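Dock chain G against the given chain C, drawing on the hints supplied.
Chains as they are written, first to last, in my numbering: chain C, 10 to 402; chain G, 10 to 402.
Since the hints were made in silico from the structure, they are not lab data.
Check each hint, because a few of them may be wrong.
Because identical chains share one entry, a pair is satisfied inside a single copy or across any pair of copies.
Result set (DSSO-like, lysine-lysine): computed pairs, CA atoms no more than 30 angstroms apart in a straight line [as the list claims (entries may be wrong)]: (1) LYS86 to LYS374; (2) LYS275 to LYS322; (3) LYS275 to LYS150; (4) LYS185 to LYS224; (5) LYS267 to LYS150; (6) LYS68 to LYS122; (7) LYS222 to LYS275; (8) LYS322 to LYS354; (9) LYS275 to LYS185; (10) LYS122 to LYS267; (11) LYS224 to LYS150; (12) LYS275 to LYS362; (13) LYS68 to LYS86; (14) LYS222 to LYS374; (15) LYS185 to LYS322.
Keep in mind the model is a prediction, meaning the values are calculated, not measured.
Protein chains: 2
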Amino acid sequence: MVRRRSGSGAILGLLWLVSIMPPQASAQLPRRQPTPNDTLISPQVLPDRRVTFRIYAPKASEVSVAGDWLGTSAPVKLERDKQGVWSASVGPLTPDFYSYAFTVDGVRTVDPKNPVVKPGTTSLASMFFLPGKEAEFQDNKNVPHGDIRKVWFQSTTRDTQRRMHIYTPRGYDSSKESYPVLYLLHGGGDEDSGWSTIGRAGFILDNLLAEKKAKPMLVVMPDGSFPRPANPPPRPGTPEADKAIAAAQERFANELVKDIIPYVEKNYRVPANAENRALAGLSMGGGQTLAAVTSYPDRFAYVGVWSAGIFGKAADYEKRNAAFLDNADRVNQVVKLFSISVGDKDFLFARAKGLSELLTRHGIKNELHVSGGGHTWINWRQYLHDLAPLLFR
Amino acid sequence: MVRRRSGSGAILGLLWLVSIMPPQASAQLPRRQPTPNDTLISPQVLPDRRVTFRIYAPKASEVSVAGDWLGTSAPVKLERDKQGVWSASVGPLTPDFYSYAFTVDGVRTVDPKNPVVKPGTTSLASMFFLPGKEAEFQDNKNVPHGDIRKVWFQSTTRDTQRRMHIYTPRGYDSSKESYPVLYLLHGGGDEDSGWSTIGRAGFILDNLLAEKKAKPMLVVMPDGSFPRPANPPPRPGTPEADKAIAAAQERFANELVKDIIPYVEKNYRVPANAENRALAGLSMGGGQTLAAVTSYPDRFAYVGVWSAGIFGKAADYEKRNAAFLDNADRVNQVVKLFSISVGDKDFLFARAKGLSELLTRHGIKNELHVSGGGHTWINWRQYLHDLAPLLFR
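Next comes chain C alone, as it looks inside the complex (with noise of 0.2 angstroms):
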């Protein structure tokens, strides 16, 4: 219990400036002058829903802001004030939760003055929540939350440790009664943290059950991003990016098949059959569900393939998932839910909506959901609020 005291002041301060900075920049506080920096808020979001940002740097001559709420539109300009400060404000912009990252002289940024930060293979992004109506479904209320774990586990498949994030709904631990698995994958670029930060799949859960909209379910977030490559991807377009993306799509459709979902049905309690497991995925994570379901088509009764769809000719892709496609009665037996959601600015849109025809030709049960928007973590998070009520009824 520190209390004030004439004498101590000086160290009470220092403390203080300790208390609110990294522990490694505080020893060499006392060495630098102010800057407009160090009282810079950035993002602030104003009462009337616009959003400022802003940025310190003095020495730039352009600075942008891009972030997911412009759609296509061409990123926003900061301008500069006479201390080296950039601003720019937004909006007013619908309450939802969003990421962006400055560009400062060409180089991309997250913003220095937030701390919250999504984590990809390769690059952050900076971000922000902004409350209303319209974000309650995801918003962290004072409702029962689940824990959201980190699991490290040896893959036979890839032959390293690999991470998973798991959500337990609350009251899990207490019960001894077996839970439903939804298995939720991300998109190209991001990792198995993407659905706990940006994605909000914890608190979109805790919502739906504390209003009794959903059965309690664990939801499996497993890692299906590609190793960083040792060497530059191959060109885009030739063989071997084909054979790539080819492998991968396999390695990973094995690895959840004869890794994940062993360990998870060993580890927790969860039965062990179809019934009782869901896959849904975005982009990359929507074509690794497609690609787990044509290879394993008993093993999910519910299937969500988001801003995802068929690539190359339709005949060239019914050739070679014949087995699958052929078998529409024993897909359809086991598939109770084979949703498909995608946005109608989605560059994808099309290959979705291709997907879904071909399902139906081959006599496939099947859902097309076109929603507004484009391939943004702004509808995946709808997504996964309007399927996880559907799921294990």
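Quick look at chain G alone, frame taken from chain C:
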């Protein structure tokens, strides 16, 4: 299962790029020209234990890198090549886990090419691991791993949702036994993720448990950070600043005892007694540990104060904390181990030593451990590795 097809190469190539880029960026991919940044690698850990840092900043006039291997040495200047890529090599370094950040024209920035970051309350740092014998105790090995859970709860002390990280050792889920708990506090500027990112607490415990050098325990890592002030903090050394620090210390000690510990003891299989509780913390968290033990001397059987000590004149401190200091018998009966650790180059060295001397003068049993090094995570990971085997024996 996507295979190579003539005609679909361009799409598959685009997908490969999508797979290694953030989804938001990928839609705009075809528009921009390649730069040296696209294939740049940073940091690069070389076989001789040197490390090369690189950043693409063609318009910058000065770039440096600072990290916790430097101690109090000056930041290292990077050199620019013709294409605008700045680079510098450091080392050879001792195998360890390091944090660093660039400064580009006076603006601190994380490494844009390194997704491994340490989040703080107001800042970020980049991190890398240099494997080797000295770092084995904290390496991610093929041993059974515990889960690290992100846990949200309603704090009555602060009237808001608060988060903590909880390590549960492998076997906790399937066991029916109770586990003792180490409450482990971070320092100023960090938050509750600190001990499982840069602190590597999970790996340190996993490795100790695999070698049977520690008793299985839960490690609860709460968020002890100050809420980000709406206004700039009071000027260091002013009575307002002193008051704010004292109030914050007391608030956290209360939150720990009234919210965090009850939540843990209600929701996890842990015995609710002093014998099975340990408390340790670094820097600000060391101060909080001391404050909690002073206010609640009957709650913790094991205490670790790291890189922290007493403030102000010893005589003043003694007067304020007489109820604690003058009851050595009672304290010694509960506290089996009162361990104080500090580096000989730590700017708080004298204060940690002062705490040990003061406790001894009052008959409170304690141990002072002086290591090399300063006020850095390089020491705090070692302190955890040294303390954990002594707990709950």
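Here is what the structure says about each hint:
In this assembly of identical chains, the alpha carbons of LYS86 and LYS374 never lie at most 30 angstroms apart, being 48 angstroms within a copy and 62 angstroms across copies at closest. In this homomeric assembly, LYS275 and LYS322 never come within 30 angstroms of each other (Cα to Cα): the closest approach is 40 angstroms inside a single copy and 58 angstroms across copies. For the identical chains of this complex, LYS275 and LYS150 are inter-copy neighbours only, at 20 angstroms across copies versus 32 angstroms inside a copy, given an alpha-carbon limit of 30 angstroms. Taking the closest pair of Cα atoms, LYS185 and LYS224 come within 30 angstroms of each other both inside a single copy (16 angstroms) and across two copies (26 angstroms).
When the C-alpha separation of LYS267 and LYS150 is checked against a cutoff of 30 angstroms, the pair qualifies only between copies, where the shortest distance is 21 angstroms, while the shortest distance within a copy is 37 angstroms. With identical chains, the CA atoms of LYS68 and LYS122 are at most 30 angstroms apart both within one copy (18 angstroms) and between copies (22 angstroms). In the homo-oligomer, the alpha carbons of LYS222 and LYS275 lie at most 30 angstroms apart both inside one protomer (28 angstroms) and across protomers (26 angstroms), since each shortest distance falls under that limit. Proximity of LYS322 and LYS354 under a CA criterion of 30 angstroms is satisfied intra-copy only: 22 angstroms inside one chain copy versus 67 angstroms between copies.
Taking identical chains as interchangeable, the C-alpha atoms of LYS275 and LYS185 lie at most 30 angstroms apart whether they share a chain (15 angstroms) or sit on different chains (16 angstroms). Taking CA atoms no more than 30 angstroms apart as the test, LYS122 paired with LYS267 passes in neither setting, with 43 angstroms inside one copy and 32 angstroms between copies. When the C-alpha separation of LYS224 and LYS150 is checked against a cutoff of 30 angstroms, the pair qualifies only within one copy, where the shortest distance is 19 angstroms, while the shortest distance between copies is 36 angstroms. Taking the shortest alpha-carbon separations for LYS275 and LYS362, neither the intra-copy value of 37 angstroms nor the inter-copy value of 49 angstroms comes in at or below 30 angstroms.
For a Cα distance limit of 30 angstroms, the shortest separation of LYS68 from LYS86 qualifies both inside one copy, at 16 angstroms, and across copies, at 17 angstroms. Only within a single protomer do LYS222 and LYS374 lie at most 30 angstroms apart by alpha-carbon distance; the minimum there is 24 angstroms, versus 56 angstroms between protomers. For the identical chains of this complex, LYS185 and LYS322 are neighbours neither inside a copy (49 angstroms) nor across copies (56 angstroms), given an alpha-carbon limit of 30 angstroms.
Hint compliance for this structure: hints 1, 2, 10, 12 and 15 are broken, all remaining hints hold.
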